[in-house]
Each structure stands twice: as C-alpha cells, then as structure tokens.
Amino acid sequence: MAQEQNDVLTIAGVQFSSRLFVGTGKFASPEIMAQALEASGTALVTAALRRVDISDPSDSLLSAIDTERYRLMPNTSGARDAAEAVRLAKLAKAATGNNWIKLEVTPEPNHLLPDPVETLEAARILVKEGFVVLPYINADPVLARHLEDVGCATVMPLAAPIGTGRGLKTRDQLGIIIEQANIPVVVDAGIGLPSHASEAMELGADAVLVNTAIAIAEDPLAMAKAFKLGVRAGRMAYLAGPAGESHRASASSPLTGFLEETA
Amino acid sequence: MSTFSDHVSADLPRQMAEKMASVDEGAVLRVLASSRIKPEDAPVLFSPPARKYLEQLAQKSRRLTLERFGRAVTLYAPIYLSSACTNQCSYCGFAAHRDIERIKLSPEQAMQQAEILFEQGLRHWLLLTGEAPSVYGMDDICKVARLLRPKAASLSVEIFPTDLAGYKNLARAGVDGLVIYQETYDRDLYARIHEAGPKRNFDFRMSAIEHGGQAGFRTLGIGALLGLAHAPVEACMMAAHGAYLQKRFPQARLAISFPRLRPVPGGTPVLHPVSDADLTQLIVGMRLMFPDAELVMSTREPAPLRDRLIPLGITRMSAGSRTTPGGYGHADDAEKGQFVTEDQRSVFEVASAIRAAGYDVVYKDFDPALVVDSDML
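Protein chains in written order, with this note's numbering: chain A, 470 to 732; chain U, 39 to 415.
It is worth saying that the hints were derived from the structure and are not from the lab.
Wrong hints could be hidden among the right ones.
Taking lysine-lysine pairs in the DSSO-like style, the calculated list, with each CA pair at most 30 Å apart, reads [what the hints assert, rightly or not]:
id : chain 1 : residue 1 : chain 2 : residue 2
1  : U       : 57        : U       : 76
2  : A       : 694       : U       : 98
3  : U       : 76        : U       : 285
4  : U       : 142       : U       : 181
5  : A       : 559       : U       : 181
6  : U       : 98        : A       : 559
7  : A       : 638       : U       : 76
8  : U       : 98        : U       : 142
9  : U       : 76        : U       : 90
10 : U       : 98        : A       : 638
11 : U       : 181       : U       : 206
12 : U       : 189       : A       : 562
13 : U       : 142       : U       : 206
14 : U       : 189       : U       : 206
15 : A       : 638       : A       : 694
16 : A       : 597       : A       : 562
17 : A       : 559       : A       : 597
18 : U       : 189       : A       : 559
19 : U       : 285       : A       : 638
20 : U       : 285       : U       : 98
21 : U       : 98        : U       : 76
With the hints as constraints, model all of the structure from the sequences given.
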C-alpha cells in the first residue's frame, strides 16, 4: 500500500492525486456534471472552448467546475487545423491566464479522428508560446515521439474512436507508446467501462480520460465512482507487478533439456 | 465536377418508391440487427414494414444520439432580414404575388434583433432572406454578418442560392453554416409549385450547397418541405443527398431538417399528409444512417411533439422564433410571418421543457475564433 501512497502523477511539475481525468461534455446538466466530478475523485477536468464563454465566469458550465478543487484544462475541440487550434488556445489563455491546453485537431466531425500533421504543427507553435500542451492523438508511437520531442507535457492517445466506448482497440500501439515515452501517457477516448480503464492502467498508462461513458450512463454518479475504483485497481495491479503470461509454468519437456543431457 | 443533381433524374423518386414497395419485414430485421446502418438502407428504414418496428428503431436512435451528442440540445433562433422576394412559391407566405408589407432590416436593426436574442441567452443565429438580390443582396447580408459575428457563437444563413464567390464572401464575413432546403426532390412537382422566379432553376438550387461546401462552411443543412411529395420518398432522397455531401465534404457537419408544410391562406395545401408517426419514423431513420448529423426541429411543430422528439434524435431546436423581419421585441404579429409557428413558448419555457426531459440546454456550441481572426472579434 505504501507504494500506492507514494504514487503521484506529475505533469509539467504539477502533482495530481487522481489518475482519472474527466471531460465535461454530454451531461444532462451542469449540476449532475459537478456531482459526477466529485464522485470520480478527479483532479483534472477538461472543457471544450467552443462550448463555454471562457471570458465569462458566470458561464453555466464553467461556474459548475470548482477550480479550487480541479485543475481546468480547456480543449480545442472543433478545431479543424493547426491555425484554428492555436487561435482558440490563445484566446483561452488571454481570457484566463491558464496556459494548459488539451490540443484537439479533428478535420472531420463524424469520427473526430485527430489530424497528426496539424496536431504536431499546433503543438510546436503552442509550446514555443509557453503553453503546457497535452495533445489528443491516434495511437501512433512515432507521432508520440515527435510530440515529446517538441516539448509536449503528455501524449493522449485514443483507445478507440471518441464516444464509441469500445475499449482498448489500439492496445498494441498503446503498449509501444507507453514503453517508449518519457512523458506521461494518458489514454483518451473510447473507454466505455471501468474494466477498460483498468486495462489501460494495467498496461502502464499514467492516467485515463473519460467523458461519454460517465455522462450518458443511467446513473452518472455511480459510474463516476466505478471508474474511480477501476482506475485505482488497474494502477495498483500495475504497481504490484503483474505475473504476466511469461511467468506461467514451463513445459514439462523443456526444449533446451537436451543441453543438460549431453553435459 | 459532377454534382448531386446529376444523379437526380425526374424518374428517381418513382424508382425509390418502387424500391421501398419491395421491402419486406425480413429486410427491416436485417437492418435493425446490423451494427452499421448505411444511407443505402433508407428505403428499408422509411418503408411501411419498418413502422411495426418503430419502437426498436427509436431505441436504437436514442442510444446512438446519446453516444454522439450526449444529453444535450442546442438552441438556435432565426433572424429574418428581408421579406422581399421575386419567387412565386405556391406554399410560401412571402411569395412575390402576395400583397404583404415587404420589410428589410438595416444592419443596425438586425443588430437590435440579435441583441434581443442575446439577452434571452441565444447565441446560435440563422439569418434569413427572400430572394430579391437587387433589393437585399449579398453585400447587405455580409454587412449584417460582420456586425453580428462578434456576439454570435454560430452564424448561419438560409438565403437565396448563390455561387462559390458569393459563399466565400459570406464565409469571410464570419458565416459558418449554410442551410438550403430543396423543398422537394421531385423535379415535376418542383416545377409546378415554383411558378415564377429564379427558384424555378432546380439544378442551380441543388448545386448551391456544394458551392457552400467548397467555400468551407462548417455546417451544411438540407431539408425537404414535408407534405408536398410522398414524405418517405423525399426522405430517401435526402439520405442520398446527405450521403453525397458527407462524402464530398467530410470536413462539414451535415444538418437535416424536417419542416412539415404549414399551409398559408390561398397557398398549396398539404398534398401528402405527414402524421406524427410518419415524422418520427423519418427522424429516427435519419439518425440511424447519420449518427453525427445535426437533426433540426423548428417551432413549426407543436410544443408537446417537440418535447417528445428530443430523446429520439433531435439535437438542435429553435425557440421563441419570429418569422417576420424585425419580429423580436414587440407584440406578436405571427400572421405576417413566412409561416405561423406552432410552438409559441418563450425561450425560457422551451429551455425548461428540455431540462425536464433530462437534457442540458446548450446555448453555445461553436466559437467565432474557429472561423475568424481575433481582429474581427
């Protein structure tokens, strides 16, 4: 347990007590969203700049997010290219002083798959301008490397297309990204169940981001709590050092047994 | 470059109707069981045998809408800029031959209208005009757009069709969405009800939305005026149109509207009645084929029906609408509008009804920074 207590996630010098990040869209009301955030135990929430009036503290969605408790990370959802994402990010920073940005560049509105070329370009610009950039990407290990090289604070690869709740469809690539990364890896999008979140954490992800699965559950509060537990369980399992398939009992007739026979 | 109207022969609606007539229950069950319903499935979804499965279709539509849009409905409001019109459309209250007072708003008057909506919380605005470019043209609309842009979350137009250059001007003025109803996909009927004026050109009207797509609008809205032709066939044509636009302009979000004809005095009556159940089947069928499309419902429809359709797939609704230029801010003169609205509740009342249905009311779901530089804001 001591290991878990000392296990703190740090992004760009900021420590987080929870490895579950939560999105604020798709909830039935700002009140239910606020309750779900609390139930999830999260410490980092994201909100779409296109959904809020970032310069207006009385905005119904923004005012429901207790920024004393949660770090708010605006996102550029809706941006189709680097220029649009950069414009949104700068506007948010100018209005609030907040320089954390979840970078989302999705050229088409149907699958909302991130554009690797434009995302890298926007990341390069925003890092230079002093932003803490957390880019949403496809599970592409090569792109993840590039983003780390330009100075991103994390990479946020998707598990499956956003909103689909299909689980870790990109599991093999996620494994490579995690293995290679020197910055935290946050699995974002496609996580539909706490067991998916657990699986991502067991794989070694540093955190997961969940939105739709909580927001549209019949009972968002209970689901938020379930995700909190799922993420913790997966992290504990990862820290505990899973036995893994390679530790299974060896075959009764080892292939190399002949070496001893001749000795 | 071919356009969708190249694919719409005068005979196509009849072929579509034949296809629909051959649908049996087995085909409906196969579509219901499939994990990815496609626009080609339209004749099955809108067929009479599918009616028996309306509840299952609605359940599926609800789940899909929740997954893609969450528990949220975005509100918008029309701003009528001008009722001047040179077209003679037999169903329209603004038709050229009608003896009505023609009103056009100055940019300042339009801004006053927008400010009234802003006070009510509304930020998604749809600018409308008749077709009389010499009286109220593209320059007038661009002026209004530039003036309103900084206050609007989203600015769309539903105006006369124009060419690529015209749409590019609108886009530069900050307009982000384009709506053009074809009214009917039946060429013969179209020719009969559009008695005079430039709107008689079926092909120009239909290709205009593609010019809009080329100009880079974020939302492309289509619709047929339901009640003119056989609605299930029109819906099949809309599905084909939507599929074409999605494929050709993947960067734009498709929006589909379901306006039911509300006859004006002396105008075209409803030729093919569309019941509430018919309309419901069209909405849920469209959602199943287009999971990410905005499905739009205006105040043409009565309040109780609008409220019940929310969970089934509607994602955008107008509220507190006035269909006369300058109509906001004084006593209701609904009779003078383009059509008489049914849902005459206030924005506050509509918002309360949406919340009562378990959905959040979204006033802002777009940001001007996405389409214009900060020096314009």
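Okay, the hints, checked on the actual structure:
no. : hint          : verdict
1   : 57/U / 76/U   : holds, 16 Å
2   : 694/A / 98/U  : holds, 27 Å
3   : 76/U / 285/U  : holds, 13 Å
4   : 142/U / 181/U : holds, 13 Å
5   : 559/A / 181/U : holds, 27 Å
6   : 98/U / 559/A  : violated, 40 Å
7   : 638/A / 76/U  : holds, 23 Å
8   : 98/U / 142/U  : violated, 45 Å
9   : 76/U / 90/U   : holds, 20 Å
10  : 98/U / 638/A  : holds, 23 Å
11  : 181/U / 206/U : holds, 14 Å
12  : 189/U / 562/A : holds, 20 Å
13  : 142/U / 206/U : holds, 23 Å
14  : 189/U / 206/U : holds, 21 Å
15  : 638/A / 694/A : holds, 24 Å
16  : 597/A / 562/A : holds, 14 Å
17  : 559/A / 597/A : holds, 12 Å
18  : 189/U / 559/A : holds, 19 Å
19  : 285/U / 638/A : holds, 25 Å
20  : 285/U / 98/U  : holds, 24 Å
21  : 98/U / 76/U   : holds, 14 Å
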